[in-house]
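S.K.: Each chain, letter by letter, is given below.
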Amino acid sequence: MNNWMLLPLLGTLFIAWLIFRVAKSVSKRINWNQRLNKWTISTYVGILLLAVIVYEFIPANGDEVIDKKEYQALSHENNLFEKAFGNNEESKFDSKFLVEEWMEELEGDTLEIISQGSTFPTAKLNIEWTDSKEQFVEVKMFQTNILMNGVNVTGKIPLSTIEWEKDQLVITAPKAGELRYYRFSNELFALSIGDDIIQNRGIFGDTYIYLKVPKHINVIDKNGLQFY
Amino acid sequence: MMFLSNSTLGEVVKSQVEFKLNTYMGAVASLILVQIIGLLFSMNGTGSSGTSINNISIHVSIVSLDIVYIFVALWAFVIGNMITIKTNWHSDFSFVGTRLSSSLANIIVLCMISVFAGVTTFLSNYVLRVILLLFGKVDYVKSSSIFDDPLNSILNIGVMIAFILMISAIGYFRGILVQNNKIFTFLLPVLLITILVTKSGQKLFQYVFIGNESILILIVKLVCISIVFFALSILCSNRLEVRS
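Protein chains in written order, with the working numbering: chain A, -2 to 225; chain X, 24 to 267.
Any given hint could be a false lead.
[As the list claims (entries may be wrong)] The list that follows gives simulated cross-link-like pairs (lysine-lysine, BS3-like), each with its CA atoms no further than 27 Å apart:
| id | chain 1 | residue 1 | chain 2 | residue 2 |
| --- | --- | --- | --- | --- |
| 1 | X | 160 | A | 172 |
| 2 | A | 65 | X | 165 |
| 3 | A | 153 | X | 165 |
| 4 | A | 66 | X | 165 |
To be clear, the hints were calculated from the coordinates, so they are not data collected in a lab.
Chain A with its partners taken away, still in its complex shape:
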């Protein structure tokens, strides 16, 4: 434990101490009687119990934290896909990750892959070379599971867009955006116990582009997207 880690705690304690000092001086000027004290305590306890009941009735339109088993299953699915993608084992791709697929006919013998809209690649790309003598390129786009703090946000992360411009495959990153969530916890964050901490349930999935390109086509990949 670093000694500097104590600073936020000491800071909070100092603020709390200041508040106590102010509260003490204020309370001396207020003449509280027993009846008022009892009334205050009863009302407060009533509000707390009411809050517990009201919370139960608030419609559950929020995302739910997935359990440990489901988290492990999703993580396993991602690992299997990543491995299969890296090894060009198309038959092992999980079809649930497939977003879209199409064929594109090239005019020339060169396919240029361009990534734009982000300083770092927003998609992983792999090429399967085929023996075809035609000019057709088959494109498949996948997105694997994305979890943050145990919340499945896969469908909420926009994908890169793919456009064809004269034998150029242009991958454009989505516009910068933000997703903000509240997650409530019954536990003390500072005392998170055990190895199954929800905060650690994160799976950082990716967008994958799988191309089937005839061998006679020359591919230029300036941004280094190709997964070798």
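Mind docking chain X on chain A? Use the hints.
M.R.: For chain X alone, kept in the frame of chain A given last:
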């Protein structure tokens, strides 16, 4: 010495507890103020984590009880300490009792107050949940409630009560020591800081609070520490002078 009636230790302690509970009703009411201030500080979350995927930054604010708890812990320390101040200590002389009965009554009152503080602190999180969900504009993650996970909730309430009890026991012990000798007012903070900055002190701190396999083990440790401090307090209180 002769008395008109002979009371047992249990009866004396019981009457002292009833008296003290009424006396400290105001202190319990002040807990509400402390919790409300803690809740206001918790509105933006007590922890957060974030990452960026596909140009989208994902930010999760975790709303837990940590800040409320720091305030309540400090309150518990003040209450533990307050019980030992002379004006409160002298009120015990209204009863026919001993130092032991008075100490036992104080400990029982602190236990009862700790239970109340632990339960209300846990429940105060739900006030925050309702306010943020009804008036906040941020998406939320449906988190488990008392009814979804009652066993875990009970364990969490237990750990909160045990923590508050331990802090109030430390406060009580500090108060008794200061009543014995004023030099402890300065010695104890120095000792605490020394423990926190030394390696062995940090190891002890980590052994108690961090790396526990289950909440139950933590609760047992906290209760044991509380018992040690209360026992030390009883021993030290026997050395206190009689009322002058």
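S.K.: If a hint holds in the structure, say so; if it doesn't, say that too.
M.R.: Hint check:
1. 160(X) <-> 172(A): Holds - the C-alpha atoms of residue 172(A) and residue 160(X) are around 22 Å apart, at most 27 Å.
2. 65(A) <-> 165(X): holds, 16 Å
3. 153(A) <-> 165(X): OK: residue 153(A) and residue 165(X) at ~16 Å, within 27 Å.
4. 66(A) <-> 165(X): Holds, because 18 Å separates the two Cα atoms, which is no more than 27 Å.
Violated hints are absent here; each numbered hint is respected by the structure.
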